[in-house]
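Chemist: All chains should be built: construct the whole structure from the sequences, respecting the hints.
First to last, the sequence lines map onto chains A and G.
Under my numbering, the first sequence has 8 at position 8, and the numbering climbs by one with no breaks.
Under my numbering, the second sequence has 639 at position 639, and the numbering climbs by one with no breaks.
Hint data in this document are derived by calculation from the structure and do not stem from the laboratory.
Backbone N, C-alpha and C define an ideal beta-carbon position, used for all residues, glycine too.
There could be a bad hint or two in this list.
[Stated by the list, open to error] Computed list of lysine-lysine pairs in DSBU-like fashion (alpha-carbon distance at most 30 Å, straight line): (1) A:Lys220 x G:Lys600; (2) A:Lys149 x G:Lys357; (3) A:Lys120 x G:Lys526; (4) G:Lys303 x G:Lys238; (5) A:Lys220 x G:Lys384; (6) A:Lys284 x A:Lys243; (7) A:Lys219 x G:Lys384; (8) G:Lys357 x A:Lys191; (9) G:Lys357 x A:Lys219; (10) A:Lys246 x G:Lys480; (11) G:Lys238 x G:Lys384; (12) G:Lys240 x G:Lys205; (13) G:Lys452 x G:Lys187; (14) A:Lys149 x G:Lys480; (15) G:Lys276 x G:Lys187; (16) G:Lys390 x A:Lys220; (17) A:Lys27 x A:Lys54; (18) G:Lys384 x A:Lys191.
[What the hints assert, rightly or not] A short, non-exhaustive set of chain A residues, derived as facing chain G with CB atoms under 8 Å: (19) Asp167; (20) Ala169; (21) Asn170; (22) Pro189; (23) Leu190; (24) Glu217.
Residues per chain, in single letters:
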Amino acid sequence: MKYLYYPGCSLKSTGKAYEESLLTVLKRLDVAVQEIDDWNCCGATSYMAVDEVKAFALAARNLALAEEQGGEEAQVMAPCAACYLVLSKAQHNIAESPEINRRVISALREAQLNYNGHAKVRHPLDILLNDVGLEQLEHHASKPLSGMKVACYYGCQIVRPYATFDDQANPTSMDRILQAMGAEIVDWPLKTHCCGGTMTGTIEDVGLCLNFDLLHEAKKRGATVLATACPLCQFNLECYQTKIAKQHHENVSLPVAYFTQLMGLALGASEQELGLKRLFVPLKASVAA
Amino acid sequence: MSSGPGQPKIGVYICHCGINIAAKVDISAVVEFANTLPNVAVVREYKFMCSDPGQELIQQDIKELGINRVVVASCSPLMHEATFRRATAEGGLNPFYFQMANIREHVSWVTADKAAATAKAKALVAGAVRRVNYHEALERQRVPVNPDVLIVGGGIAGIQAALTLADAGKKVYLVEREPTIGGYMAKFDKTFPTLDCAACILTPKMSAVRSHRNITLWSYSEVAGIDGYVGNFTVKVKRKPRYVIEEDCVGCNQCVEACVFKEGKFSDEFNFGMSKRKPVYMPFPQATPSVVLIDPQTCLHLKTGKCKQACAAACERHAIDFTQQEQIVEVNVGAIILATGFKHFDAARMAQYGYGKYPNVYTSVEVERLVNASGPTGGEVLLKDGRKPKSVAIIHCVGSRDEHTNRYCSRVCCMYSLKLAHLIHERTEAEVFDFYIDMRTPGKGYEEFYDKLLKEGVHFIRGRAAEVTDWAMIPDEEGKLVVRAEDTLIGIVRRIPVDMVVLAVGLEPQADAEEVRRLFNISCSKEGWFLERHPKLAPVSTFTDGIFIAGACQGPKDIPDCVAQAGAAAAEALSLVDRGHVELEPNTAFIVNTQCSGCKTCIALCPFSAIGYNAEKGVAEINEALCKGCGTCVAACPSGAAQQHLFTDEQVYEEIEGVLRYV
Numbered sequence: 001m002k003y004l005y006y007p008g009c010s011l012k013s014t015g016k017a018y019e020e021s022l023l024t025v026l027k028r029l030d031v032a033v034q035e036i037d038d039w040n041c042c043g044a045t046s047y048m049a050v051d052e053v054k055a056f057a058l059a060a061r062n063l064a065l066a067e068e069q070g071g072e073e074a075q076v077m078a079p080c081a082a083c084y085l086v087l088s089k090a091q092h093n094i095a096e097s098p099e100i101n102r103r104v105i106s107a108l109r110e111a112q113l114n115y116n117g118h119a120k121v122r123h124p125l126d127i128l129l130n131d132v133g134l135e136q137l138e139h140h141a142s143k144p145l146s147g148m149k150v151a152c153y154y155g156c157q158i159v160r161p162y163a164t165f166d167d168q169a170n171p172t173s174m175d176r177i178l179q180a181m182g183a184e185i186v187d188w189p190l191k192t193h194c195c196g197g198t199m200t201g202t203i204e205d206v207g208l209c210l211n212f213d214l215l216h217e218a219k220k221r222g223a224t225v226l227a228t229a230c231p232l233c234q235f236n237l238e239c240y241q242t243k244i245a246k247q248h249h250e251n252v253s254l255p256v257a258y259f260t261q262l263m264g265l266a267l268g269a270s271e272q273e274l275g276l277k278r279l280f281v282p283l284k285a286s287v288a289a
Numbered sequence: 001m002s003s004g005p006g007q008p009k010i011g012v013y014i015c016h017c018g019i020n021i022a023a024k025v026d027i028s029a030v031v032e033f034a035n036t037l038p039n040v041a042v043v044r045e046y047k048f049m050c051s052d053p054g055q056e057l058i059q060q061d062i063k064e065l066g067i068n069r070v071v072v073a074s075c076s077p078l079m080h081e082a083t084f085r086r087a088t089a090e091g092g093l094n095p096f097y098f099q100m101a102n103i104r105e106h107v108s109w110v111t112a113d114k115a116a117a118t119a120k121a122k123a124l125v126a127g128a129v130r131r132v133n134y135h136e137a138l139e140r141q142r143v144p145v146n147p148d149v150l151i152v153g154g155g156i157a158g159i160q161a162a163l164t165l166a167d168a169g170k171k172v173y174l175v176e177r178e179p180t181i182g183g184y185m186a187k188f189d190k191t192f193p194t195l196d197c198a199a200c201i202l203t204p205k206m207s208a209v210r211s212h213r214n215i216t217l218w219s220y221s222e223v224a225g226i227d228g229y230v231g232n233f234t235v236k237v238k239r240k241p242r243y244v245i246e247e248d249c250v251g252c253n254q255c256v257e258a259c260v261f262k263e264g265k266f267s268d269e270f271n272f273g274m275s276k277r278k279p280v281y282m283p284f285p286q287a288t289p290s291v292v293l294i295d296p297q298t299c300l301h302l303k304t305g306k307c308k309q310a311c312a313a314a315c316e317r318h319a320i321d322f323t324q325q326e327q328i329v330e331v332n333v334g335a336i337i338l339a340t341g342f343k344h345f346d347a348a349r350m351a352q353y354g355y356g357k358y359p360n361v362y363t364s365v366e367v368e369r370l371v372n373a374s375g376p377t378g379g380e381v382l383l384k385d386g387r388k389p390k391s392v393a394i395i396h397c398v399g400s401r402d403e404h405t406n407r408y409c410s411r412v413c414c415m416y417s418l419k420l421a422h423l424i425h426e427r428t429e430a431e432v433f434d435f436y437i438d439m440r441t442p443g444k445g446y447e448e449f450y451d452k453l454l455k456e457g458v459h460f461i462r463g464r465a466a467e468v469t470d471w472a473m474i475p476d477e478e479g480k481l482v483v484r485a486e487d488t489l490i491g492i493v494r495r496i497p498v499d500m501v502v503l504a505v506g507l508e509p510q511a512d513a514e515e516v517r518r519l520f521n522i523s524c525s526k527e528g529w530f531l532e533r534h535p536k537l538a539p540v541s542t543f544t545d546g547i548f549i550a551g552a553c554q555g556p557k558d559i560p561d562c563v564a565q566a567g568a569a570a571a572e573a574l575s576l577v578d579r580g581h582v583e584l585e586p587n588t589a590f591i592v593n594t595q596c597s598g599c600k601t602c603i604a605l606c607p608f609s610a611i612g613y614n615a616e617k618g619v620a621e622i623n624e625a626l627c628k629g630c631g632t633c634v635a636a637c638p639s640g641a642a643q644q645h646l647f648t649d650e651q652v653y654e655e656i657e658g659v660l661r662y663v
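Modeler: Dropping the structure here:
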């Protein structure tokens, strides 16, 4: 079986390292993926706020393409947290509301597309934990992440409100995956607290405060790296560290890596393959620590 | 009663049920249609057929127009079949010359389109009319009722029902699965809103159960099987071995003291694991019966055979018996009351509150034990490290009013939270913060109790707590549990650091409610609470005659409501068994001898062993007293010789024909 890979805009731009490391990891684990041909914007934020049905139609077009290219039971892999949420939300609303269903399906029909609702939207955390399995992960971890103290950060969108693969209040899938890779998992209670989202660009003070809480608490609890599964979280937490330090008069310097980059290290992949050079706060030092 | 009228003359009565039916079904169109059906002599419509004038229409037509078959199109037979059968009988006809068409629950209440509803109503009327042509006069069988009553569950509801019935002179069997009766109430220290001591009001009732000559108490026992029908149930009760001869044990506890384990080592169920017990133990000081038991999972002798059996040696009455086996006893009863109670919500399911992660997050039921003088701390509210808390948060609605767990309100949590707030403050002088969504205190003296707590200085914060965390943002929060909540009265997010958190867990159906429901053949709500026959007018009856429900197995309720319901269930059971007899529906099977080939297929299939073989005539014979009308033989008979009253082939085929032909 092949997973139909839906990158969304981020994994081709700011989140390039997420794509590079994810595809490397999957390749090393013999998981076959195929990028959806002719995919479009998932319909996140702006669309959703202006016209929900149009946003659902945008999302559904991707699902329809996936069904066309991967069969009725297509498994769509959506690594970006926002894409994952929007695709799931669209699917949910199209299934629940006959009115939305009618409008979306007829819009797709105009484009000679058909969506039957069987495609399954999956997050890589779900695929790695439940399809590949911890046993396989341990087996492939030739260079365990020993000595690395990781605080796993899920953000708000992966497990709320649609994910069924993990607990909404206390998700553990990333913890378990990275533990299988040999990392030491730091107990920290801010796993699903807000990173500020786009707030860092609109009401910067508030956005910085939220990110300060996360970085400060992770460091306080001994984390040497923060692992994320969302391009926006990664961006907020990593790129604003200098500003945050200034605002709070505290050194909050901490590498913020995609969980797939850490996995890749354990699987023996090179820095190049994992896009480690793209990180502003270098990861190397923390691994050695 | 007249019987066997010749040519059918059918009266059809269409009920409006106010606007319940009339708003969706075009009544005059159905009347017009019914007039065209064969053998229909008169069709009438009326606003409420179940009213006296409605019933009189039927009686009048029987007498004056010579109507000899009656069809009423109205509500569900469950509602009014008995009413109209009675009206038919009072008009002078055999009551079984009656058939009902359900055009309310099956039509008007579930159909949006008026034309579709009218068409379906016509079809159902046609089916009933075609069917009633083939009805015949039947007699109800009268069977005597066993006057004894079985009660399942020995919490406060079961105890109350048992005592009420026993005091009325009825023999009662009370079955309790735990080693002692008392249920949840036995674990509480005080009860709201009066703050009277739970043990002081409960234990006299427990010992009254024990000593009542009309009550047989089977603790540590479960119902394993049930057979029969209203008035005549046969019940199998499984008695689990307690390895102690109940009749000989006097509860002196010498065996417990002598046990080779010098200290308690195993999780004590009665204290929710907050204390340790030995393998031989008394569940709690006032346990009823006051008899110890031995846990085979932890007893060295029962597990390994290697123990000097100090307990047995210490017992002067030789009451310890390691050879005890599970026993099945069988009793016959006329009525059954289920009072199987509830289980409390598993707080670990809401990870955001940290139960199981942070040691000082407790459930409310655990705190009930802490404040109880016979509990693990002798009545002191202490943190896990033995300190007294200086600040305590109580979080309401844990597992209630929540989309992810249970949508319903558990009804008792606001009040018991107020009670615990009072007791904790009284015992520790701690500052108490009470996080609530809405304060629900609708009971006698309840609002006044809330008012009292407001004056006692408990801080009430209106807002569902978002999380309990050890994430400290300021030095004052270090080492504390921080409760985060949106205070919806002042519109800000608050962080309250406390030493101890109490989660007010909601009530849920027992884990095995579904199996119990199946065993007793009753219905459940979608949450799993046992379903009453009617939410307002038959709150303790079930859809199975002779089986009643009381207490929290029917839905969350507090002690006064449990006791009231137990009284009601006892009265219903009493009314049934004191009547002395019941009339059974004459829906038994019979054999048409001329068609029976004597193949005996039906004999092996009958679950009630009601069919025998008449060797002389070479045919099967059905014992009507044993037949329960299940229809298995009717379906299985290869030659159509097995038939069933009220469900003969003609009746069923004609009904189908009627439903399908005209629309």
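Chemist: Would you mind marking each hint as holding or not holding in the structure?
Modeler: So, going through the hints one by one against the coordinates:
Our distance criterion of 30 Å between C-alpha atoms is broken by Lys220 of chain A and Lys600 of chain G, whose separation comes to about 82 Å. The suggested pairing of Lys149 of chain A with Lys357 of chain G holds, with an alpha-carbon distance near 20 Å, which does not exceed 30 Å. At roughly 28 Å between alpha-carbon atoms, Lys120 of chain A and Lys526 of chain G fall within 30 Å of each other, so this suggested pair holds. Distance hint between Lys303 of chain G and Lys238 of chain G is fulfilled; the C-alpha atoms sit about 22 Å from each other, no more than 30 Å.
Our distance criterion of 30 Å between C-alpha atoms is met by Lys220 of chain A and Lys384 of chain G, whose separation comes to about 25 Å. A threshold of 30 Å between alpha carbons decides the hint, and for Lys284 of chain A with Lys243 of chain A the separation of about 23 Å falls inside it, so the pair holds. This hinted pair checks out: Lys219 of chain A and Lys384 of chain G have alpha carbons roughly 28 Å apart, not beyond 30 Å. Distance restraint check for Lys357 of chain G and Lys191 of chain A: the Cα-Cα separation of roughly 15 Å lies within the 30 Å cut-off, and the hinted pair is therefore satisfied.
Among the hinted pairs, Lys357 of chain G with Lys219 of chain A is consistent with the structure: their alpha-carbon atoms are about 21 Å apart, no more than 30 Å. Annotation: proposed proximity of Lys246 of chain A to Lys480 of chain G holds, straight-line Cα distance about 29 Å (limit 30 Å). Restraint check for Lys238 of chain G and Lys384 of chain G: not satisfied, since their Cα atoms lie roughly 39 Å apart, outside the 30 Å limit. For the hint linking Lys240 of chain G to Lys205 of chain G, the alpha-carbon distance of about 24 Å falls within 30 Å, and the restraint holds.
With a C-alpha separation of about 25 Å, the suggested pair Lys452 of chain G and Lys187 of chain G falls inside the 30 Å cut-off, and the hint holds. Restraint check: the Cα-Cα separation between Lys149 of chain A and Lys480 of chain G comes to about 24 Å, which is no more than 30 Å; the hinted pair holds. Between the alpha carbons of Lys276 of chain G and Lys187 of chain G the distance comes to roughly 16 Å, so the proposed pair stays at or under 30 Å and holds. The straight-line distance between the Cα atoms of Lys390 of chain G and Lys220 of chain A is roughly 26 Å, inside the 30 Å bound, and the hint therefore holds.
Of the pairs offered as hints, the one joining Lys27 of chain A and Lys54 of chain A is violated, with about 35 Å between alpha carbons and a cut-off of 30 Å exceeded. In summary, the hint linking Lys384 of chain G to Lys191 of chain A is supported, as the alpha carbons are separated by about 26 Å, within the 30 Å threshold. Interface hint status for Asp167 of chain A: upheld, as the beta-carbon distance to the closest one in chain G is roughly 5 Å, under 8 Å. Here the hint on Ala169 of chain A is kept, as its CB sits about 4 Å from the closest CB of chain G, short of 8 Å.
Interface restraint check: Asn170 of chain A against chain G, minimum CB-CB distance 3 Å, threshold 8 Å, status holds. Hint status for Pro189 of chain A relative to chain G: holds, with the closest Cβ pair at about 4 Å, below 8 Å. Hint status for Leu190 of chain A relative to chain G: holds, with the closest Cβ pair at about 6 Å, below 8 Å. With a cut of 8 Å, the hint placing Glu217 of chain A at the interface with chain G holds, because the nearest CB-to-CB distance is about 6 Å.
Of the numbered hints listed earlier, those contradicted by the structure are 1, 11 and 17.
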